[in-house]
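> Be aware that the sequence shown starts at 22, since it is given in the numbering used here, and climbs by one per residue.
Be aware that one or more of the hints could be misleading.
Now the in silico label distances, taken between C-beta atoms and shown as ranges [unchecked claim]: (1) 133 - 375: 40 to 48 Å; (2) 175 - 375: 42 to 50 Å; (3) 201 - 177: 32 to 40 Å; (4) 165 - 210: 43 to 51 Å; (5) 164 - 222: 52 to 60 Å; (6) 147 - 105: 23 to 31 Å; (7) 374 - 182: 30 to 38 Å; (8) 57 - 35: 17 to 25 Å; (9) 313 - 224: 32 to 40 Å; (10) 241 - 35: 30 to 38 Å; (11) 229 - 34: 34 to 42 Å; (12) 247 - 57: 36 to 44 Å.
None of these hints come from the bench; they were simulated from the model. Just so it is clear, the structure is predicted and the values come from calculations on it, not from any experiment. A virtual CB, placed ideally from N, CA and C, is assigned to each residue, including glycine.
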Amino acid sequence: MGTGQRGGVGAALAPHVVLATGGFGQVFGQTTNPYVSTGDGVALAMRAGADIADLEFVQFHPTVMWLGPLAQGQQPLVSEAVRGEGAFLRDIGGERFMEAEHPMADLAPRDVVAKAIMRRMRASESGHVWLDGRHLGADLWISRFPTILDSCRSRGIDPVTDLIPVAPAQHYVSGGVRTDHWGRASIPGLYACGEVACTGVHGANRLASNSLLEGLVFAGRIGEVLARSEAVVREPVRGRDEAGLLPHSVRRTMQQTMDEHVGVLRSRASLEAAENELWSLADTAGARPSTEDWETTNIHALACVLARHALLREETRGSHWREDFPERDDARWQTRLVTSIDENGALHTRTEPIGGPT
22 MGTGQRGGVG
32 AALAPHVVLA
42 TGGFGQVFGQ
52 TTNPYVSTGD
62 GVALAMRAGA
72 DIADLEFVQF
82 HPTVMWLGPL
92 AQGQQPLVSE
102 AVRGEGAFLR
112 DIGGERFMEA
122 EHPMADLAPR
132 DVVAKAIMRR
142 MRASESGHVW
152 LDGRHLGADL
162 WISRFPTILD
172 SCRSRGIDPV
182 TDLIPVAPAQ
192 HYVSGGVRTD
202 HWGRASIPGL
212 YACGEVACTG
222 VHGANRLASN
232 SLLEGLVFAG
242 RIGEVLARSE
252 AVVREPVRGR
262 DEAGLLPHSV
272 RRTMQQTMDE
282 HVGVLRSRAS
292 LEAAENELWS
302 LADTAGARPS
312 TEDWETTNIH
322 ALACVLARHA
332 LLREETRGSH
342 WREDFPERDD
352 ARWQTRLVTS
362 IDENGALHTR
372 TEPIGGPT
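Generate the whole structure from the sequences, applying the supplied hints.
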């Protein structure tokens, strides 16, 4: 908002605001999300006092083309459909390993494959594993996967003759601005749909492609609500001043911290290390009012909440995996974590029963 304003940030008053700004994959360095997926809508809502929920439930796609440890921005996904046609994974030494991990081997669920890859990478101290589709032949690659084939070849890899380096990368976040089943956030007049929202319909682990249905359903429901709502103009929420901005120079450091400590495999030690590193960046000087610095500030705010939620949830559930708490704990954790920020900028996290507002 605020096109033409100083620093690209301004204000526009409206009786209703609908957020449809997408997710925040750029909290991580290794992600399939575009460079602009910086969580601006979630951070904006949080600063306005809205409830944010379920940020710990982050999906990682197991086979994203590995472009090196310093890769940034959107990274190319190698669909599981390639494994569906018969491609399989090998570790850095060339050994197949998924047959020992799951009865479905290379066709196991995404989170199972991602965890297996990360464990194998850790054991071999490598940055990736290999996806082997050489036996599929040129005709199948050309007819079934022309986009993936072109993406690989543009980077000097020919899947017909070469192994493809792959590693897990962030793909989707089930959490966001907490809404009811009509897209209404906890602040009157604020609505959210799509990946910016936490509607609860995905539970702890979204099924593939259900996010498209969610976006369509909740956009329609919000439209119904707005069509019968009165246009009541409310007092604007006081915004954050420029003193809270972080310079975009710390963005890469934050992403590396999240990749290393808050990725597929999590533990108390890794999450506490992440929190310490993130908070050490909070007072970094040198920011100026600009799109890049606002995006970096938003990434930092959401990274802090994500790490806090992941540390508090002492169990494994859905896409949240704790190495030190490897089992689901329904007795303690059939709840959701909800965070809000007070007028002084302090974060407060509480638990709510599963179900929440309807």
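> Next, verify each hint and record whether it holds.
Tested hints:
1. 133 - 375: 40 to 48 Å: violated (24 Å)
2. 175 - 375: 42 to 50 Å: holds (45 Å)
3. 201 - 177: 32 to 40 Å: With Cβ atoms ~49 Å apart, the hint is violated.
4. 165 - 210: 43 to 51 Å: holds (48 Å)
5. 164 - 222: 52 to 60 Å: violated (35 Å)
6. 147 - 105: 23 to 31 Å: holds (25 Å)
7. 374 - 182: 30 to 38 Å: violated (55 Å)
8. 57 - 35: 17 to 25 Å: holds (23 Å)
9. 313 - 224: 32 to 40 Å: Check passed, 35 Å falls within 32 to 40 Å.
10. 241 - 35: 30 to 38 Å: violated (20 Å)
11. 229 - 34: 34 to 42 Å: Roughly 39 Å apart at Cβ, these two residues keep to the hinted range, so it holds.
12. 247 - 57: 36 to 44 Å: violated (26 Å)
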